[in-house]
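S.K.: Take the given structure of chain A and dock chains B, C and D with the ligands to it, following the hints.
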Amino acid sequence: MGTEATDVGSDVPLVQLVAPDGARVTTAENAAYRDRVAHLTGEDLRRMYRDMVLTRRFDDEATALQRQGELALYAQGKGQEAAQVGSGRALAPQDYVFPSYREHGVLQVRGVDPVDRLRLFRGEDHGGWDPAATNTHLYTLVIGSQALHATGYAMGVQRDGLVGTGDPGRDTAVVVYFGDGATSQGDVNEGLVFAAVNNAPVVFFCQNNQWAISEPTTRQARVPIYKRGEGFGVPSVRVDGNDVLACYAVTAEALERAHSGGGPTFVEAFTYRMGAHTTSDDPTRYRDRAEEDYWRKRDPIDRLAALLRAEDAWDDAWAAELDAEAEALGERLRREVRELGAPPTSAMFDEVYATPHAQVDEERAWLARYEEETQGDESQEVAR
Amino acid sequence: MGTEATDVGSDVPLVQLVAPDGARVTTAENAAYRDRVAHLTGEDLRRMYRDMVLTRRFDDEATALQRQGELALYAQGKGQEAAQVGSGRALAPQDYVFPSYREHGVLQVRGVDPVDRLRLFRGEDHGGWDPAATNTHLYTLVIGSQALHATGYAMGVQRDGLVGTGDPGRDTAVVVYFGDGATSQGDVNEGLVFAAVNNAPVVFFCQNNQWAISEPTTRQARVPIYKRGEGFGVPSVRVDGNDVLACYAVTAEALERAHSGGGPTFVEAFTYRMGAHTTSDDPTRYRDRAEEDYWRKRDPIDRLAALLRAEDAWDDAWAAELDAEAEALGERLRREVRELGAPPTSAMFDEVYATPHAQVDEERAWLARYEEETQGDESQEVAR
Amino acid sequence: MTAQKLTFARAITEGLRASLESDERVLLMGEDIGRLGGVFRVTDGLQKDFGEDRVVDTPLAESGIVGTAIGLALRGYRSVCEIQFDGFVFPAFDQITTQLAKMRYRSRGRLEMPVVIRIPYGGGIGAVEHHSESPEALFAHTAGLRVVSPSTPQDAYDMIRAAVASPDPVIYLEPKGRYWSKDDVDLDAAPAEGVLDRARVARPGSDVTLVAYGPTVATALKAADALAAEGTSAEVVDLRAVSPIDFPTVVDSVRRTGRCVVVHEAPVFHGVGGEVAARVTEECFYALEAPVLRVGGFHAPYPVAKLEHDYLPSVERVLDAVDRSLSF
Amino acid sequence: MTAQKLTFARAITEGLRASLESDERVLLMGEDIGRLGGVFRVTDGLQKDFGEDRVVDTPLAESGIVGTAIGLALRGYRSVCEIQFDGFVFPAFDQITTQLAKMRYRSRGRLEMPVVIRIPYGGGIGAVEHHSESPEALFAHTAGLRVVSPSTPQDAYDMIRAAVASPDPVIYLEPKGRYWSKDDVDLDAAPAEGVLDRARVARPGSDVTLVAYGPTVATALKAADALAAEGTSAEVVDLRAVSPIDFPTVVDSVRRTGRCVVVHEAPVFHGVGGEVAARVTEECFYALEAPVLRVGGFHAPYPVAKLEHDYLPSVERVLDAVDRSLSF
Ligand SMILES: Cc1ncc(C[n+]2csc(CCOP(=O)(O)OP(=O)(O)O)c2C)c(N)n1
Ligand SMILES: Cc1ncc(C[n+]2csc(CCOP(=O)(O)OP(=O)(O)O)c2C)c(N)n1
Ligand SMILES: [Mg+2]
Ligand SMILES: [Mg+2]
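Protein chains in written order, with this note's numbering: chain A, 15 to 398; chain B, 15 to 398; chain C, 33 to 360; chain D, 33 to 360.
If we strip away everything but chain A, and leave its shape as in the complex, we get (with noise of 0.2 Å):
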């Protein structure tokens, strides 16, 4: 059972850059992915790190919260930073991103403030940040369909000229994230169909971290995920979800060749989901501990720090102010996501529509004479 997870093409070839022991890796084949990484520096490196050890805390401080009745819920993306932090740090300010409900890494990487990222799971707002500051969208929950989403935002961005100019601050890529489940749903494979007739500049970017809450990979397909984008005439590349060197050159690949109008890409990131689905979820019941040994040796954020001390790109002063960085993300949290109050009664009539409707209108005005007086009636209602 220990390798079910993982029946679905993992001995297929696919691309890496660093392997589990942050020994670089050499090949003819990835030459031109090495070409696209040539260029980071150590401090690049090190702020990948920090995006990713930061990204860890902000998980492992979320799911004590709820824990502490905190947050209703949290859908921990531990295992998955190389794959959202690489792909993530590819991206142009300009370019837009759709992620799914568990891209914490991705979120930031663009900057959405982390006790905002956290409001949707404590209950107190259905999105929680204003895209337009960061090009990044809320989070979908209805799996697969933010896919259309992100083809239609991209069939925008080709109507307002902005692929192909040449200009690496205008030109203009969308990325939608995804998993291996929502592989199955209509829509991302509508999106596939839309993307490719239009030849839309979005990369479809799907996490395989070998499980849709219970069911492994080998549920929702009989070959490996990435030959997906192929039948749909979309380019497509597997890379080692766990190497973020790799996951930001394909990455940066696939915008190229977006920005540049030469359409969309699928991108299957082969990674490991090391929590669980949700706090709701108990993985004992369907995936044995071998399994979870086997990922966790191959831990992104190791595999980055062997990288770095291999490369004398770790200093141990920058990384203990990271830990202390990361002690605040966390005191922060803790603080700050208790203090988030409730939204008043009124609010869940805001914003229905944009322009008055009889009928919400009716309602909020009968809610608010209703509670006005309840509220002297409480003694009353007790009594009842």
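These are computed hints drawn from the structure, not numbers from a lab.
We treat Cβ as the ideally placed atom computed from N, Cα and C, and that holds for glycine.
Please note that the accuracy of each hint is not assured.
[Said to hold, decoys possible] What follows is a list of derived Cβ distance ranges for each label pair:
#	chain 1	residue 1	chain 2	residue 2	range
1	C	Ile157	D	Leu219	49 to 57 Å
2	C	Asp85	B	Ala146	45 to 53 Å
3	B	Ala42	A	Pro27	25 to 33 Å
4	D	Lys254	C	Ala261	52 to 60 Å
5	A	Arg48	D	His341	51 to 59 Å
6	B	Ala146	D	Lys37	41 to 49 Å
7	C	Ala261	B	Asp364	34 to 42 Å
8	B	Trp332	C	Lys214	54 to 62 Å
M.R.: Frame of chain A; chains B, C and D with the ligands shown alone:
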């Protein structure tokens, strides 16, 4: 514009056994397919020819009946007879067929009565025949939804233990028909997901007739349609849809795979809708005569006639008999379709549910009472 | 006013044309809407005039059409999606219900969804299955959507322009049985106010209120003619919208007439008439001389064409209901 | 009777088990229903006992689940599909509405669709978006479907068995907020008659009729308790089904009490309460002392968890409506 319709992979090699001039095609690649038709005698070929001619006549008569106001609508199959008859003839009686709405040739082969085939188009029935009698499901008008029904049916066949028994009288498979446009629907793609994961004995038979109403195949895909199956791990093949022997051969291969437990296959039959989309359609608005002429020279019936003549399997007496049979079919359709009455008003409420439903029962009773009362009232109503 | 006699369908064409002209971020999307001009020719000529990037022939996938329209809206475009027939909107139901309707709310108003979904709906044209249905109740129950249906060419023109201009998603239901009916349309009028949420008294009267929308307004008006001949004065209220519903106009009428019959093609059971009846009864309890009665489709799938005239609410069935109301 | 105290969820498990045992053509299909036993553990242990071919973990695609269940039904199997949460049924809406509901009718009764769609629905559990909705009206309007919702563990057990045995498709709505409530269940009782279409008087009374189903039956009963303490006798009718609706039972009650309040979690606007109010008013026009009042969700998407208790129909809001009815 004449070429736009065949843009998507018209240069892709396809399985062909008979050239447009009626000569057998012998290549190294088609050897296995040649083997699959080697056993077909002149009589077998004449039987296929007969099916195709009767299907064409059915089409012409139905079109004429629609023009005369006897049918509400009719969807012509002209040009697709080889794809339909060739695939249909490869089926075993116990195999189950899910047609779309244009598979008059498949219905011909399966033995669905010609008058029954027109009940739907007359507006007299939403279906028209008993699926169990010929193992042929009703037409489905919501594009693509039958792909899932077929896959589910095939999953039932698996559970019945009727796959891989080795008994050709028992092994059972399913064939689902749909068009090039349908490949864009989520349901067709989900059908491929479910079929692949379950290794279900189902053949996805896509007739790429170059058009989805007014949209050429280039609006649905940017690579040849048969590629689609491969992305799901479903073996796929493109066949010359105007070559009845090639269609027979690829379907026989796919069915053998399904029957023996090898799972699903995706077939793209490259063909052409020679008529309008339906009798409501006006193809002159979106395609040109040059394209129609190109395909008229590739008429599948002419091709089989040429083959029969080339191989001395043509027999003038038989041809005259077939003419007479077609005449008789036409005569029967003209007579019996006109005689199809309307169901009684109360039929509106029949079979909405299998067991009593209070609202249906009340409304049925109400309408009966109302009709009875207003019958007597007729004069009064006119006065109104 | 420079009125022209236009068919209902053509009035929509002209409304779309005006919208495309006045805002270059307006797009039309759908199956066969380009070169063919749509199966009802409502978009006839528009691709020629506005190009393939603004009048877009999409792949055959309704979820894809609405889902990409949502994405386009996020990028600032205003898409008008054509669904080919009523029965084919359901593959898009998820995108409409869970995404389009809720995106603004989910984002606390930061994201806007100016998307129009045009659906030719209703029966009476002798069509095959899935081509004659009336699904309005299935949209009206979902908050975040506006659900409207015009009954005259002028309203068709005014309402499509208002729908395209609306920052909210609008389900715009076109009574396809009326497409070929003609009437005067003033194409030069300024964009009309309130047409997406104010009912219209289509005919004043004093004895009974007939509430209708879309295709049944004509039915109600014919019934009112017949009633007038018998000395009964019927007021006809054209709701125009079923979300929101302009109850003040209906209630005002029923308070005066004391009787109310609601007419729609959709099945009565759990249909829009239930909402109207419930609410009118709440507001007019002491004014009502009879319960609000409903005339509409039966709780059965839309039947075969040969039976549709027995299924649809006819003038006679409206008169029958009025008789029952009057004799209560 | 050998009653056991079981949770509501466990009563369903046992009903499914009994169905799987009594007919080997019964299958369960859904996401995570196998090894995990479903996210609510309703199918816990069933895959172990009946195998992977009968308790099937499907790909993550609701249209696929329902669409293949239809195909399986055509081959003689009886599938029970689990939709993980209310908000995720919409991708399957097309298959349910245009195929499942209409297949029998389309075939003039030659094809049978014994498919059950189980949907945990309703709110009050502090969940995120799409996990607390009440979509019953969207199914009840479509002919060909039966739409039911149990309110007690015994009914949950009886009704799931009846649903699986039914030759018609059944939308079986499970009030997820009640999953952990416990009550006596007789597992050995013979299959109950009429539980899919007969309402149940959950508490007799004489002054006002409270009509509820699923999660709100408990609310109505609590309200009846409070009213009793004040000297008002409320009758509580548990509809069990919203398609069909057992109007004779409701009408009989309202004719006696003269007052009626309908309570559901779904938005009131275009909700099931409208149908109940319209029809009860038609049948009880002269008996009614006040208009039928409705208590339910507002015309807004289901709100964030922090606000859901203001959104849901509370005992207090039911009492408020009863007060309004009594003082009419
Ligand atoms: C349409 C829909 N169906 C079901 C669900 C319930 N659900 C939430 S997450 C999930 C599994 C998703 O798996 P995958 O796509 O692999 O993403 P992951 O959670 O592994 O990141 C399911 C079934 C949903 N959110 N939406
Ligand atoms: C869900 C759905 N959307 C739209 C339609 C309207 N429609 C009927 S046939 C058709 C084109 C189908 O094209 P294709 O799949 O290529 O089949 P063909 O008609 O060419 O045989 C369309 C759009 C439909 N029947 N169902
Ligand atoms: Mg996953
Ligand atoms: Mg076609």
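S.K.: Now tell me if each hint is right for this structure.
M.R.: Hint-by-hint comparison with the structure:
no.	hint	verdict
1	C/Ile157 x D/Leu219: 49 to 57 Å	holds (54 Å)
2	C/Asp85 x B/Ala146: 45 to 53 Å	holds (50 Å)
3	B/Ala42 x A/Pro27: 25 to 33 Å	holds (31 Å)
4	D/Lys254 x C/Ala261: 52 to 60 Å	holds (56 Å)
5	A/Arg48 x D/His341: 51 to 59 Å	holds (57 Å)
6	B/Ala146 x D/Lys37: 41 to 49 Å	holds (47 Å)
7	C/Ala261 x B/Asp364: 34 to 42 Å	holds (37 Å)
8	B/Trp332 x C/Lys214: 54 to 62 Å	holds (57 Å)
Going down the numbered hints, you'll see the structure goes against none, and every one checks out.
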